[in-house]
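2 protein chains.
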Amino acid sequence: MDRRQRKTREAIFDAFIDLLSEKDFNQITVAEIIEKADIGRATFYAHFETKDYLLKELSEELFCHIFDSVNNENTEHRHIFNCNEHDSIFLHLFRHFEKNDNNILKLLSCRNNELFLRYFKTDLKLLIKKQLPALNYIQFEGLPEDFVINHISSTFVETVKWWVNNGMKESDEEINEYFSKFLHIK
Amino acid sequence: MDRRQRKTREAIFDAFIDLLSEKDFNQITVAEIIEKADIGRATFYAHFETKDYLLKELSEELFCHIFDSVNNENTEHRHIFNCNEHDSIFLHLFRHFEKNDNNILKLLSCRNNELFLRYFKTDLKLLIKKQLPALNYIQFEGLPEDFVINHISSTFVETVKWWVNNGMKESDEEINEYFSKFLHIK
DNA sequence: TCAATACCGAACTATGTGTTCATTATTTTA
DNA sequence: TAAAATAATGAACACATAGTTCGGTATTGA
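Residue numbers (my numbering), protein chains in the order written: chain A, 38 to 223; chain B, 38 to 223.
Keep in mind that a hint or two might mislead.
All copies of an identical chain are treated as equivalent in the list; a pair is satisfied when it fits inside any one copy or across any two copies.
Okay, derived cross-link-like pairs now, DSBU-like style, lysine-lysine, Cα gap no bigger than 35 Å in a straight line [stated by the list, open to error]: (1) 167 x 206; (2) 73 x 166; (3) 218 x 88; (4) 218 x 73; (5) 198 x 93; (6) 167 x 136; (7) 218 x 60; (8) 93 x 143; (9) 88 x 166; (10) 218 x 44; (11) 167 x 73.
Rather than coming from a laboratory, the hints here were simulated on the basis of the structure.
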């Protein structure tokens with residue numbers, strides 16, 4: 038990818054994230070984005086068809102390495118996040134969030150960002166579906182699998198939202214305990 | 038209220054509900070609403086400041102009697118819905134939904150209607166908060182009350198959404214069983 | 001060096017929002 | 001039932017935002 042393209046793309050993402058933490062997605066205009074990113078109007082539309090696609094691509098970029106790190110879990114990763122192979126994927130995710138190494142938290146917690154949350158849940162469900170056999174959800178036996186996955190995913194997202202919106206006073210282990218209590222695991 | 042006002046208001050609500058089951062809230066224009074409702078533009082704005090307020094007032098109207106019937110539960114109500122005083126409030130709500138006596142189901146299940154769901158959850162939380170002592174949530178002891186209430190409310194909404202979007206094949210008792218399994222009650 | 005291409009910027013069309021106001025129709029009340 | 005009050009009409013209006021177009025300029029990669 039051309040360096041100019043990379044720079045422009047990055048500038049748009051940065052401006053957009055800034056604006057998203059200030060106001061609702063629907064209230065953000067393209068004019069504001071390009072002004073903050075300091076690029077031309079035509080340039081914006083050369084990169085993103087609409088504001089919706091911008092959010093979609095930003096989401097994918099943000100989710101990419103956080104989900105990948107859980108999927109392709111390896112020794113290096115476990116060392117960085119100080120966890121062992123028996124920790125649940127959810128604790129891994131909470132750890133990632135607490136480290137706040139990217140802008141994902143800012144977006145997960147801001148008001149009126151349901152579209153972003155929907156994208157997050159979609160990816161999270163795929164992850165849960167893959168890991169489902171590893172988790173012992175005997176207490177949900179008899180319920181349709183997609184129903185259970187949706188429940189776990191929703192509960193996780195709601196837990197993160199509550200956590201962030203309450204100032205993240207709890208540690209990653211604590212909030213994982215809370216979450217586990219809801220799902221009755223371990 | 039003037040009969041003309043009532044008629045106009047009703048026409049707007051009906052047109053709006055129709056459009057909401059066709060497309061996203063954000064994609065609906067005032068022009069479409071007034072065309073379907075067959076009223077003038079100025080009339081619309083005489084009734085509702087914005088499209089957002091329209092949704093808010095519609096929501097309140099729809100929620101009003103469903104939540105009231107649970108709150109001011111009496112013999113007549115129990116007779117109509119064939120339930121006894123020990124049934125949980127959630128079973129009551131599932132019963133209401135299965136009867137589908139108003140348009141609430143249409144709106145709860147349609148895509149991209151997060152604003153409506155947020156209003157619903159807000160009212161539902163108040164109801165749950167009131168009923169919380171009656172329910173025995175010992176398994177959630179140690180967790181902040183608002184966190185627990187949010188969890189119950191979210192789980193209920195997700196259950197209803199899944200139920201409706203899967204064709205409501207389950208009976209009200211069955212879906213209430215599913216829901217109870219998630220919350221580990223009874 | 002040079003061809004490709006990304007950016008610029010300004011103008012333009014199109015669409016939707018919300019307001020205004022004089023006129024007409026309906027309802028309320030005295 | 002007549003008069004006053006109120007609601008609806010419809011068309012025009014100003015305004016904001018979206019998304020496009022295009023000739024000129026700057027940057028890049030080979």
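Hint check:
1. In the homo-oligomer, the alpha carbons of residue 167 and residue 206 lie at most 35 Å apart both inside one protomer (31 Å) and across protomers (27 Å), since each shortest distance falls under that limit.
2. Proximity of residue 73 to residue 166 under the C-alpha cut-off of 35 Å is found in neither arrangement, the shortest distances being 39 Å within a copy and 43 Å between copies.
3. Taking CA atoms no more than 35 Å apart as the test, residue 218 paired with residue 88 passes in neither setting, with 38 Å inside one copy and 40 Å between copies.
4. For the identical chains of this complex, residue 218 and residue 73 are neighbours neither inside a copy (43 Å) nor across copies (49 Å), given an alpha-carbon limit of 35 Å.
5. Proximity of residue 198 and residue 93 under a CA criterion of 35 Å is satisfied in both settings, with 20 Å inside one chain copy and 23 Å between copies.
6. Within a single copy, residue 167 and residue 136 get their C-alpha atoms as close as 25 Å, which meets the 35 Å cut-off; across copies the closest is 37 Å, which misses it.
7. Within a single copy, residue 218 and residue 60 get their C-alpha atoms as close as 33 Å, which meets the 35 Å cut-off; across copies the closest is 38 Å, which misses it.
8. Taking the shortest alpha-carbon separations for residue 93 and residue 143, both the intra-copy value of 16 Å and the inter-copy value of 27 Å come in at or below 35 Å.
9. In the homo-oligomer, the alpha carbons of residue 88 and residue 166 lie at most 35 Å apart inside one protomer (30 Å), although the nearest pairing across protomers, at 38 Å, exceeds that limit.
10. For the identical chains of this complex, residue 218 and residue 44 are neighbours neither inside a copy (45 Å) nor across copies (51 Å), given an alpha-carbon limit of 35 Å.
11. In this assembly of identical chains, residue 167 and residue 73 lie within 35 Å of each other by CA distance neither inside one copy nor across copies; the values are 40 Å within and 46 Å between.
Consistency note: the structure conflicts with the earlier hints numbered 2, 3, 4, 10 and 11.
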